[in-house]
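Given the coordinates of chain A, work out where chain B should sit on it, guided by the hints.
Next come the chains, spelled out residue by residue.
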Amino acid sequence: DAGVTQSPTHLIKTRGQQVTLRCSPKSGHDTVSWYQQALGQGPQFIFQYYEEEERQRGNFPDRFSGHQFPNYSSELNVNALLLGDSALYLCASSLISGANVLTFGAGSRLTVL
Amino acid sequence: AQSVTQLDSQVPVFEEAPVELRCNYSSSVSVYLFWYVQYPNQGLQLLLKYLSGSTLVESINGFEAEFNKSQTSFHLRKPSVHISDTAEYFCAVSGGYSSASKIIFGSGTRLSIRP
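Keeping their order, the protein sequence lines are chains A and B. First residue of the first sequence: 1, per the numbering used here; consecutive thereafter. First residue of the second sequence: 1, per the numbering used here; consecutive thereafter.
Calculated directly from the structure, the hints in this document are not laboratory data. Quick caveat: nothing in here was measured; it's all calculated off a predicted structure. Hints may contain errors.
Stated by the list, open to error - Subject to a maximum C-alpha distance of 20 Å in a straight line, what follows is the list of computed SDA-like cross-link-like pairs (lysine to any residue):
#1 Lys49/B - Thr103/A
#2 Lys49/B - Ile96/A
#3 Lys49/B - His29/A
#4 Lys26/A - Gln45/B
#5 Lys78/B - Ser30/B
#6 Lys49/B - Phe60/A
#7 Lys26/A - Asn68/B
#8 Lys26/A - Gln42/B
#9 Lys49/B - Ser97/A
Unchecked claim - Simulated coverage check for chain A against chain B, where a stretch passes if three residues somewhere in it have a Cβ under 8 Å from a Cβ of chain B:
#10 13 to 26
#11 30 to 43
#12 66 to 78
#13 86 to 95
Glycine included, every Cβ here is placed at the ideal spot set by N, Cα and C.
This is chain A alone, in the form it adopts within the complex (with noise of 0.2 Å):
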């Protein structure tokens, strides 16, 4: 049973570029979160998809934007992009009538130059 999967795993941007990160949760599960961690900072939480539609948003500008697919994967891509946005993005899955419980992937480490 897969459990949550990210791509690409590592990626270098320069300022004012756009990215695209990839998650497909884990089997069963309907809803994805995103996270960024910051080198030596806990991960902090950016949004939360759930039929197809943010339901949460964390304090991130309007240039953090995602979309989750009827499949239930999850896309998170960051418009102009800055060197503060240099950092681990976390997708995590989960089933939105269960425990609170999370299922991380490994991380999208990107490097913005």
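Quick look at chain B alone, frame taken from chain A:
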């Protein structure tokens, strides 16, 4: 709103010694508490959780945590650590039982084990 404070950014201990990683939370509603562990170059894994029932919860690898409502704490303990416990540990809180509620993480405590 919920928030989590992990009081120690790093905790060095000798192998087979006991350890306590401290966590305090604030919440204006019902609280559900978690400890996640992150091994080097990996994502986070659930270590243990408090959702209801007994205030003392245990993991399969010897860790335990106690929900203390009066002190708003959820400290993580292990009586004897091993080299393999070297990792970053994150305390987290949620205001809801179901996945509809977001989980907020602390800044983490790096546990380093000395032989």
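Here's how the hints hold up against the structure:
Proposed proximity of Lys49/B and Thr103/A is supported: the alpha carbons are some 13 Å apart, at most 20 Å. For the hint linking Lys49/B to Ile96/A, the alpha-carbon distance of about 17 Å falls within 20 Å, and the restraint holds. For the proposed pair Lys49/B and His29/A, the alpha carbon gap of about 19 Å is at most 20 Å, so the pair holds. Distance restraint check for Lys26/A and Gln45/B: the Cα-Cα separation of roughly 13 Å lies within the 20 Å cut-off, and the hinted pair is therefore satisfied.
The hinted pair formed by Lys78/B and Ser30/B fails the criterion: a straight-line CA distance of about 27 Å is larger than 20 Å. As the CA atoms of Lys49/B and Phe60/A are separated by approximately 27 Å, the hinted pair breaks the 20 Å bound. For the hint pairing Lys26/A with Asn68/B, the CA-to-CA distance comes to about 33 Å; that exceeds 20 Å, so the pair is violated. With a CA separation close to 16 Å, the supplied pair Lys26/A and Gln42/B stays within the 20 Å bound.
Of the supplied pair hints, the one linking Lys49/B and Ser97/A holds, its CA atoms being roughly 17 Å apart against a limit of 20 Å. Counting residues of the stretch 13 to 26 of chain A whose beta carbon lies closer than 8 Å to any beta carbon of chain B gives 0, which falls short of the minimum of three for the stated coverage. Only when three residues or more bring their CB closer than 8 Å to a CB of chain B does the claim for the stretch 30 to 43 of chain A stand; here the count is 7, and the claim holds. With a threshold of 8 Å between beta carbons, the proposed coverage of the stretch 66 to 78 of chain A by chain B is violated, since 0 of its residues qualify and at least three are required.
Requiring three or more residues with a Cβ within less than 8 Å of a Cβ of chain B, the coverage given for the stretch 86 to 95 of chain A holds, as 4 such residues are present.
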